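In order, the protein sequences belong to chains C and P.
Okay, so the first sequence: first residue is 1 according to UniProt numbering, each after it adds one.
Okay, so the second sequence: first residue is 1 according to UniProt numbering, each after it adds one.
It is worth saying that the hints were derived from the structure and are not from the lab.
Keep in mind the model is a prediction, meaning the values are calculated, not measured.
One thing to keep in mind: the hints can contain errors.
Derived contacts from chain C toward chain P, CB cut-off under 8 angstroms, selection only [said to hold, decoys possible]: (1) Phe36; (2) Pro38; (3) Gln39; (4) Ala50; (5) Tyr72; (6) Gly86; (7) Trp92; (8) Thr107.
Note that CB positions come from ideal geometry on N, CA and C, so glycine has one too.
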Amino acid sequence: MTQTIRAYEDFTEGMTLPFGTVKVTAEDIVRFASQFDPQPMHLDEEAGRASLLGGLAASGWHTCSIFMRLAYEAFLKHSTSQGGPGISELSWKRPVLAGDELSGSSTVLSKRVLRSRPNVGLVTFRHVLTNQRGETVLELENPILFALREPEAGAAP
Amino acid sequence: MSQALDTYFRIGERIELGTHEFTADEIVEFAREFDPQDFHVDAEKAAHTLFGGLCASGWHTCAMWMRYNCAARERTIRIPWHGEGSEPEFGPSPGFRNLRWVKPVYAGDRITFFRTNIEYRPVRSRPGWIVLTLKGEAVNQNGDLVLEMENAVLVRASLP
């Protein structure tokens with residue numbers, strides 16, 4: 001069986017890659033927060049309700065990690081991804097509360113081949129994570145490196 | 001703005017939060033759940049990528065920064081509140097900018113985390129809250145920067 005590997009050449013400006021859906025349980029929220037972000041609003045329903053977040057809410061870093069898994073399943077899994085150097089801007093727009101169902105998409109903003117490494121290109125995305133009401137909970141802009149399938153063909157879009 | 005808040009937040013001071021050794025096991029455990037790309041879960045395959053070896057998901061490094069940040073807030077960097085009213089209370093974060101995973105965090109790396117509180121200002125839409133901006137950093141055992149970010153957090157505190 002051959003698996004098509006998504007390479008730099010397969011991304012085009014304006015292309016949108018939809019995510020699957022994942023449900024975030026109270027147990028998931030508490031488990032992540034206990035390890036990495038043990039603040040009361042991420043550990044306890046009552047404390048969450050008393051906070052600005054309005055309920056037991058996922059750590060922002062948990063939401064980022066969930067986004068990563070959704071992006072992985074959507075387009076990084078079978079790809080030539082070489083990781084991302086950073087995030088220019090990220091907003092936690094709304095709390096992610098226990099029971100929320102998250103989905104979203106990544107849209108290609110731009111792409112270019114690296115001058116220093118002509119076999120690798122940088123694809124810049126706008127990623128959006130939404131809840132079951134269609135409200136945006138997370139938004140970020142981030143470039144990801146992908147190896148070219150045919151580096152000898154050059155930087156042709 | 002407020003002498004008491006400047007002192008409480010230690011504005012401008014680069015505060016060391018602690019040091020963590022990233023083991024191969026925990027790198028793989030985190031990545032299997034959230035970021036199972038080859039270079040985060042498979043040492044053999046990682047050797048053939050740009051990274052050249054098994055390294056932590058960038059989100060794992062961020063989450064670990066937060067763990068040490070929370071622990072330090074409760075213990076080592078806590079400064080008694082000498083201002084008026086009740087002690088400032090940390091709330092949620094609206095986001096961050098200019099995050100750079102400058103270098104990979106490899107299995108076995110010892111990473112030291114830092115936080116520098118930069119400035120604070122009132123939140124117009126939320127009376128009684130201020131937004132504190134800060135710089136988060138992580139440095140490896142060779143003194144190389146591996147992570148930096150400009151973060152922000154809402155704090156319940158009143159300005160005079």
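Verification of the hints:
no.	hint	in the structure
1	Phe36	holds (4 angstroms)
2	Pro38	holds (6 angstroms)
3	Gln39	holds (6 angstroms)
4	Ala50	violated (11 angstroms)
5	Tyr72	holds (6 angstroms)
6	Gly86	holds (4 angstroms)
7	Trp92	holds (5 angstroms)
8	Thr107	violated (19 angstroms)
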